[in-house]
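Q: Sequences and hints are given; from them, build the entire structure.
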Amino acid sequence: MSLSNMKLKVTVWRQAGPNAQGAFKDYDLDNISPEMSFLEMLDTLNEQLNDRGEEPIAFDHDCREGICGSCGVMIDGVPHGPERGTATCQLHMRKFQSGAHIKIEPFRASSFPINKDLSVDRSAFDRIIESGGYISAPTGTAPDANLIPIPKGVADVSMDAAQCIGCGACVAACPNGAAQLFTSAKIQHLNLMPQGQAERWDRTINMVDTMENFFGSCTNHGECEAACPKEISIDFIALMNRDFVKAQLKQRRLAGQVFP
Amino acid sequence: MAQATQRSTVPAIRKDRRKAPWPIEFYRSAVGKKWVMALSGVMLMGFVVSHLIGNLKLYLGRNEVNLYSEALRDMPGHLLPRTLLLWVIRVGLMGAFAVHIHAAVTLTQTNHKARATKYQSPREYLAANYASRTMRYSGVIIIAYVIFHLSDLTFGSGPHNLRGDAYNNLIYSLQRPWAAAAYVIANLALGLHLTHGAWSMFQSLGVNNPRINAFRRHFARGFAALIVVGNLSFPIMVQLHVMEPTCSANRTPKAQVAPCARAIAETASKITAGK
Chain A
1 MSLSNMKLKV
11 TVWRQAGPNA
21 QGAFKDYDLD
31 NISPEMSFLE
41 MLDTLNEQLN
51 DRGEEPIAFD
61 HDCREGICGS
71 CGVMIDGVPH
81 GPERGTATCQ
91 LHMRKFQSGA
101 HIKIEPFRAS
111 SFPINKDLSV
121 DRSAFDRIIE
131 SGGYISAPTG
141 TAPDANLIPI
151 PKGVADVSMD
161 AAQCIGCGAC
171 VAACPNGAAQ
181 LFTSAKIQHL
191 NLMPQGQAER
201 WDRTINMVDT
211 MENFFGSCTN
221 HGECEAACPK
231 EISIDFIALM
241 NRDFVKAQLK
251 QRRLAGQVFP
Chain B
1 MAQATQRSTV
11 PAIRKDRRKA
21 PWPIEFYRSA
31 VGKKWVMALS
41 GVMLMGFVVS
51 HLIGNLKLYL
61 GRNEVNLYSE
71 ALRDMPGHLL
81 PRTLLLWVIR
91 VGLMGAFAVH
101 IHAAVTLTQT
111 NHKARATKYQ
121 SPREYLAANY
131 ASRTMRYSGV
141 IIIAYVIFHL
151 SDLTFGSGPH
161 NLRGDAYNNL
171 IYSLQRPWAA
181 AAYVIANLAL
191 GLHLTHGAWS
201 MFQSLGVNNP
211 RINAFRRHFA
221 RGFAALIVVG
231 NLSFPIMVQL
241 HVMEPTCSAN
251 RTPKAQVAPC
261 ARAIAETASK
271 ITAGK
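Residue numbers (the working numbering), protein chains in the order written: chain A, 1 to 260; chain B, 1 to 275.
These aren't lab readings, by the way, just hints derived from the structure by calculation.
No residue lacks a Cβ here, since even glycine has one placed at the ideal position from N, Cα and C.
Careful: at least some of the hints might be erroneous.
[To be verified] Chain A stretches covered by chain B per the calculated footprint, using a threshold of three residues with CB under 8 Å from any CB of chain B: (1) 91-101; (2) 140-149; (3) 221-230; (4) 240-246.
A: Encoded structure:
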């Protein structure tokens, strides 16, 4: 078996800068190994572009092992490509047929402006995370493992939500450009735990409010769940909706403190 | 501090507004709007079911239907002025309808703002189904039909419409093939709308529990099927001449109006006499 045996035609979105006019450009590739990852295929293409003196394609990537959330492009109209539960860096070329024509486009949302080519600015996610609150106190040594008992089921569900790597595929997949899956995962992995109860209601209100500054609204298509490389469930969106409504009532009870 | 100066500034897609009192602030948020949409949707679903149950009286004949429609106006007997409770329900339903539509329109505008530049290559949808992606179109068909339906039967612009004779009014209306076709199309749109909506409402309200999650989709499909099958039976029965205008041997509608009017007057006097 030859390892370098795939011929491909890739159509890539090229855009020189945030405000430049972009367009699709076709590239022909041969000698692509089926063992390559999708990003390695793009690396190969970039080397060829470099050799020809052309501008290489800009794309985001970092760990290349599916845990950092840096990579992510639309591959044939699906965020992270055809393989379910897989980030772009973990998608291998053996999932494609030789001779395939692959269309690559950046994630699109008004709050994900394109930096260049396939690289988008996902800092709106950082605004959501920031609004959830943080502490900067020295915490000393790690607490005893079983100081706060947590039922196994609760810990499991919380860890399911905590798997979110913040890649933005949910926003890219959503026909409404909504960030509900990301925000709900980030809210719920804390709201489900005993340690997260103290700021549960403020966190929910603040993070939802910030999310709505940047993103659309959920109409329960379920596209985000299907596109998520970590297969995070839309159940968390329902839990977030429930906490948001509950938080409204809590705020009312604390009216004197909330509206000074 | 370096971090603070380097932070990129993606502009917000919504305007900053002065803080409003709590219920308005809640409705301004998209999650709150979806919650209101789900609740108004539940109200409208309740109406659709009771409307179907009332319609099924058509199979019991003209007298039962007309007594039922009279009873609706007379709810709850002598406890309240005539038609008062009916109007309270009507205003409530109109409110639910208005807020459902307002939330849908404003959320759609937000969603368009959230992706100002569309994808330039074709999208491949993995989970979104036909029903969920056509909610706004099925919704518009339903609004258009409700307006026609109200003017046709409630305001009485339909053929040979006679106040108080709901049974014959409906059958005369559905005897027109185009009206029967509109009825069928509107109910199919309603079924499609409910297939997604009756599931979606659970998510929007936060009703999510492993014990019922599998049941939610079945509920939505079953509910939609019940409404569609029940409602579609009426135009079909009328078009197949299984249901005919009552109180005349003559089938031509024009000839029926006079005898029917007499029959209604008789029924009305019987009702008053009975009291």
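Q: Closer than 8 Å, Cβ to Cβ, for at least three residues: run that test on the stretch 91-101 of chain A against chain B and report holds or violated.
A: violated (count 0)
Q: Taking 8 Å as the C-beta cutoff, is the stated coverage of the stretch 240-246 of chain A by chain B satisfied by three or more residues?
A: Holds, because 6 residues of the stretch 240-246 of chain A bring their Cβ atoms closer than 8 Å to Cβ atoms of chain B.
Q: Go check the stretch 140-149 of chain A versus chain B for me, would you? Three or more residues, Cβ under 8 Å, otherwise it fails.
A: violated (count 0)
Q: Three or more residues of the stretch 221-230 of chain A near chain B by CB distance under 8 Å?
A: Coverage by chain B holds here, the residue count being 6 at a Cβ distance below 8 Å.
Of the numbered hints listed earlier, those contradicted by the structure are 1 and 2.
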